[in-house]
Amino acid sequence: MRGGSKTKKGNKKQLPKPITIIINSVLPVILLLVAGFYFIPRASMYFQNNDVKGLDTKAEAVMFYNSTCSHCQKVYPKIFWHNVLNFNHDDRQIQTINVQNVNNKHYVSDFAIQETPTFMKPNNPDMKLVSTDAKQINNFAETGASDQ
Numbered sequence: 001m002r003g004g005s006k007t008k009k010g011n012k013k014q015l016p017k018p019i020t021i022i023i024n025s026v027l028p029v030i031l032l033l034v035a036g037f038y039f040i041p042r043a044s045m046y047f048q049n050n051d052v053k054g055l056d057t058k059a060e061a062v063m064f065y066n067s068t069c070s071h072c073q074k075v076y077p078k079i080f081w082h083n084v085l086n087f088n089h090d091d092r093q094i095q096t097i098n099v100q101n102v103n104n105k106h107y108v109s110d111f112a113i114q115e116t117p118t119f120m121k122p123n124n125p126d127m128k129l130v131s132t133d134a135k136q137i138n139n140f141a142e143t144g145a146s147d148q
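Here the sequence shown is numbered in our numbering, starting from 1 and rising by one per residue.
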């Protein structure tokens, strides 16, 4: 009796070795980087700024935000990556202060913050901008102008 249940070892098709290496080695790294690019700013948004002792007068601007604010959640990753890209330049940093944190709530009254996200010049509390538009924020941070 011939057994039809045996399979030949050579029948299974395999991908070429370079493609197997890419799938097994390179693809997981790319996925990890993409996930990190997305999740690191969000994690930072919730766990940063436990207690901010004061404004950084060397900073280009200050961003007052609330981690549960949808507008803040939209703009925070842009500010996070701006700060990462400029980590060696204190004068290009945008200080972030989570006003939802109990230790930082006094900033709302100290600087008359009415909405979040509010951007402010650390050396001129009267210069403020409420926006999620990256162009407007960059323009404000660099020049202090609040219009496009």
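A couple of the hints might just be wrong.
[What the hints assert, rightly or not] Cβ pair distances, simulated, as ranges:
hint	residue 1	residue 2	range
1	Asn24	Val84	50 to 60 Å
2	Asn124	Pro28	16 to 26 Å
3	Asp90	Leu33	44 to 54 Å
4	Asp91	Phe47	17 to 27 Å
5	Ile30	Pro125	42 to 52 Å
6	Val26	Ala134	29 to 39 Å
Hints were generated in silico from the structure; no laboratory data involved. For glycine and all other residues, C-beta sits at the position ideal for the given N, C-alpha and C.
| For the pair Asn124 and Pro28, does the Cβ-Cβ distance stay inside 16 to 26 Å? | Between Asn124 and Pro28, where Cβ atoms are some 48 Å apart, the hint is violated.
| Is it true that Asp90 and Leu33 lie within 44 to 54 Å of each other by Cβ? | Because 27 Å falls outside the window, the suggested range is violated.
| Does 17 to 27 Å hold as the CB distance between Asp91 and Phe47, or does it fail? | For Asp91 and Phe47 the Cβ distance comes to about 26 Å; the hint holds.
| message | Please check whether Ile30 and Pro125 have a Cβ separation lying inside 42 to 52 Å. | response | holds, 44 Å
| query | If you check the beta carbons of Val26 and Ala134, does the distance land in 29 to 39 Å? | reply | 31 Å Cβ-Cβ, so the 29 to 39 Å window holds.
| request: Could you check the hint for me, namely that Asn24 and Val84 are 50 to 60 Å apart, CB to CB? | output: Between Asn24 and Val84, where Cβ atoms are some 30 Å apart, the hint is violated.
Hint compliance for this structure: hints 1, 2, 3 are broken, all remaining hints hold.
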